[in-house]
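Participant: Please build the complete structure, drawing on both the sequences and the hints.
From first to last, the protein sequence lines are chains A and B. Take 75 as the starting number for the first sequence in this note's numbering and just add one per residue. Take 25 as the starting number for the second sequence in this note's numbering and just add one per residue.
If you're looking for bench data, these hints aren't it; they were derived computationally from the structure. Treat the hints with caution; some may be incorrect.
[Stated by the list, open to error] Just some of the chain B residues that point at chain A, by a computed CB distance under 10 Å: (1) 61; (2) 77; (3) 81; (4) 83; (5) 87; (6) 96; (7) 115; (8) 117; (9) 118; (10) 119; (11) 140.
Fair warning: this is a prediction, and the values are worked out from it, not measured in the lab. C-beta: ideal position from N, C-alpha, C; glycine also.
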Amino acid sequence: MSMQLHDFENSFQQKVDAEIKIEPKDWMPEAYRKTLIRQISQHAHSEIVGMLPEGNWISRAPSLKRKAILISKVQDEAGHGLYLYSSCETLGITREETINDLNSGKAKYSSIFNYPTLTWADMGAIGWLVDGAAILNQVMLCRTSYGPYARAMVRICKEESFHQRQGFDILLTLSRGTDAQKAMCQDAINRWWWPSLMMFGPKDSESTNTDQSMKWKIKRKTNDELRQQFIDMCAEQVKILNMHLPDKDLKWNTETQHYDFGEIDWSEFWNVVKGNGPCNKQRLEARRKAHEEGEWVREAAAAYAEKRKSRASAGNLEAA
Amino acid sequence: MHSLIRKYYYGDIPDTPNAGGDPISSPSAAAEHPWPLWEVFIRSKQGLDHKHAGSLHAADAQMAIENARDVYTRRNEGISIWVVESKYVHASSPDEAESFYEPATDKIYRHPTFYDLPEEVKHM
Ligand SMILES: [Fe+2]
Ligand SMILES: [Fe+2]
Numbered sequence: 075m076s077m078q079l080h081d082f083e084n085s086f087q088q089k090v091d092a093e094i095k096i097e098p099k100d101w102m103p104e105a106y107r108k109t110l111i112r113q114i115s116q117h118a119h120s121e122i123v124g125m126l127p128e129g130n131w132i133s134r135a136p137s138l139k140r141k142a143i144l145i146s147k148v149q150d151e152a153g154h155g156l157y158l159y160s161s162c163e164t165l166g167i168t169r170e171e172t173i174n175d176l177n178s179g180k181a182k183y184s185s186i187f188n189y190p191t192l193t194w195a196d197m198g199a200i201g202w203l204v205d206g207a208a209i210l211n212q213v214m215l216c217r218t219s220y221g222p223y224a225r226a227m228v229r230i231c232k233e234e235s236f237h238q239r240q241g242f243d244i245l246l247t248l249s250r251g252t253d254a255q256k257a258m259c260q261d262a263i264n265r266w267w268w269p270s271l272m273m274f275g276p277k278d279s280e281s282t283n284t285d286q287s288m289k290w291k292i293k294r295k296t297n298d299e300l301r302q303q304f305i306d307m308c309a310e311q312v313k314i315l316n317m318h319l320p321d322k323d324l325k326w327n328t329e330t331q332h333y334d335f336g337e338i339d340w341s342e343f344w345n346v347v348k349g350n351g352p353c354n355k356q357r358l359e360a361r362r363k364a365h366e367e368g369e370w371v372r373e374a375a376a377a378y379a380e381k382r383k384s385r386a387s388a389g390n391l392e393a394a
Numbered sequence: 025m026h027s028l029i030r031k032y033y034y035g036d037i038p039d040t041p042n043a044g045g046d047p048i049s050s051p052s053a054a055a056e057h058p059w060p061l062w063e064v065f066i067r068s069k070q071g072l073d074h075k076h077a078g079s080l081h082a083a084d085a086q087m088a089i090e091n092a093r094d095v096y097t098r099r100n101e102g103i104s105i106w107v108v109e110s111k112y113v114h115a116s117s118p119d120e121a122e123s124f125y126e127p128a129t130d131k132i133y134r135h136p137t138f139y140d141l142p143e144e145v146k147h148m
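Facilitator: In structure tokens form, the structure reads like this:
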């Protein structure tokens with residue numbers, strides 16, 4: 075063997091440094107592959123589980139127009155899940171394995187989807203804040219080093235901006251409504267604000283890991299950078315709604331040219347990650363139920379495909 | 025457990041136990057019929073080539089085309105879809121890329137810029 079492992083590793087890192095994308099059949103360190111499988115599958119699961127909180131309101135949307143929009147949005151999230159599952163598969167893990175890891179409770183997904191959707195205003199807050207936070211992450215990931223992941227992200231980002239806009243549009247309508255509607259709007263913002271900030275992950279200073287994901291250019295911005303960017307955007311947008319963000323420490327800082335903000339309750343975050351969020355159980359049960367109830371459909375489709383195949387080959391024989 | 029100091033990324037959540045309850049085994053999984061993987065190619069506009077869009081699972085070709093429509097053309101991204109079972113795609117090897125494409129690298133005379141013609145020659 076002419077090349078040693080560290081030669082492969084060096085030329086891999088050189089490619090990454092030179093912004094050359096890594097493709098499925100290229101050599102890659104085992105840890106890079108594993109990190110990607112974990113990250114992409116968790117991202118895919120987040121899209122799929124992410125359909126549940128909003129699915130809750132499809133049948134109760136306040137108008138046909140809102141219902142049609144919400145269905146489209148939720149359908150997009152299913153599509154996002156599929157793009158990501160496919161790109162994950164290019165790393166050598168089967169779809170069945172990935173799905174089973176979700177259904178068995180082994181795999182993780184974004185904690186934000188373990189919060190309940192209590193009112194219609196939550197559809198607005200999710201679109202504005204949750205999709206908004208996801209967009210910042212995903213725009214960054216369009217430049218990630220693994221080709222199939224980056225391509226999936228480009229496709230996803232094209233679809234996401236409608237998600238955020240329809241959410242803001244819901245809140246804007248409520249914010250111009252009756253007192254009860256205004257209160258509902260503010261209440262949803264209050265409940266979703268802090269969990270949305272947690273979507274960016276722990277503070278950079280709390281990480282003792284050598285930052286391998288940055289070196290491999292899987293991730294390209296730090297948690298704090300993205301979070302600050304998000305807060306700066308939302309702090310301005312909320313003014314258009316005539317609402318406020320539930321943070322008494324939120325204040326423009328002329329020196330840093332950014333908004334200062336209050337302390338995030340990380341114990342809540344870890345509690346939800348560990349499975350004790352308000353809806354962890356319910357979400358997984360819904361996924362398992364969907365999977366089990368789809369079993370006969372998968373079986374029937376496979377049987378039908380088999381039957382058609384044998385019919386086609388019988389037809390070929392007759393024609394011959 | 026020192027999960028408190030772990031970094032986590034969107035779609036990259038730390039492996040703490042029991043997220044979403046205790047793991048359960050799913051005996052039905054093994055008994056299932058995995059559908060084959062298909063590569064999807066889409067022509068976005070009349071006059072353009074079909075371009076690789078991604079892949080998906082489907083029981084047969086017709087289902088693959090229907091799924092491809094739902095997954096890859098929700099916003100009029102296509103007017104024609106090709107699907108081919110992934111196992112029938114043969115690819116060149118990235119490991120041999122250097123030698124494989126070598127014959128093309130030293131033939132600079134294949135490019136129009138190789139020829140230095142006088143200014144007076146127009147339309148060429
Ligand atoms: Fe999404
Ligand atoms: Fe979205």
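Participant: Confirm or reject each hint.
Facilitator: Status of the hints after comparison with the structure:
1. 61: Holds. Min distance 7 Å.
2. 77: 8 Å, holds
3. 81: Residue 81 of chain B check passes; min Cβ-Cβ to chain A is 6 Å, inside 10 Å.
4. 83: Hint holds; residue 83 of chain B Cβ to chain A Cβ min 4 Å, cut 10 Å.
5. 87: 7 Å, holds
6. 96: Since chain A brings a Cβ to about 8 Å from residue 96 of chain B, closer than 10 Å, the hint holds.
7. 115: It holds, given that the least Cβ distance between residue 115 of chain B and chain A is near 7 Å, below 10 Å.
8. 117: 7 Å, holds
9. 118: 5 Å, holds
10. 119: 7 Å, holds
11. 140: 32 Å, violated
Of the numbered hints listed earlier, the single one contradicted by the structure is hint 11.
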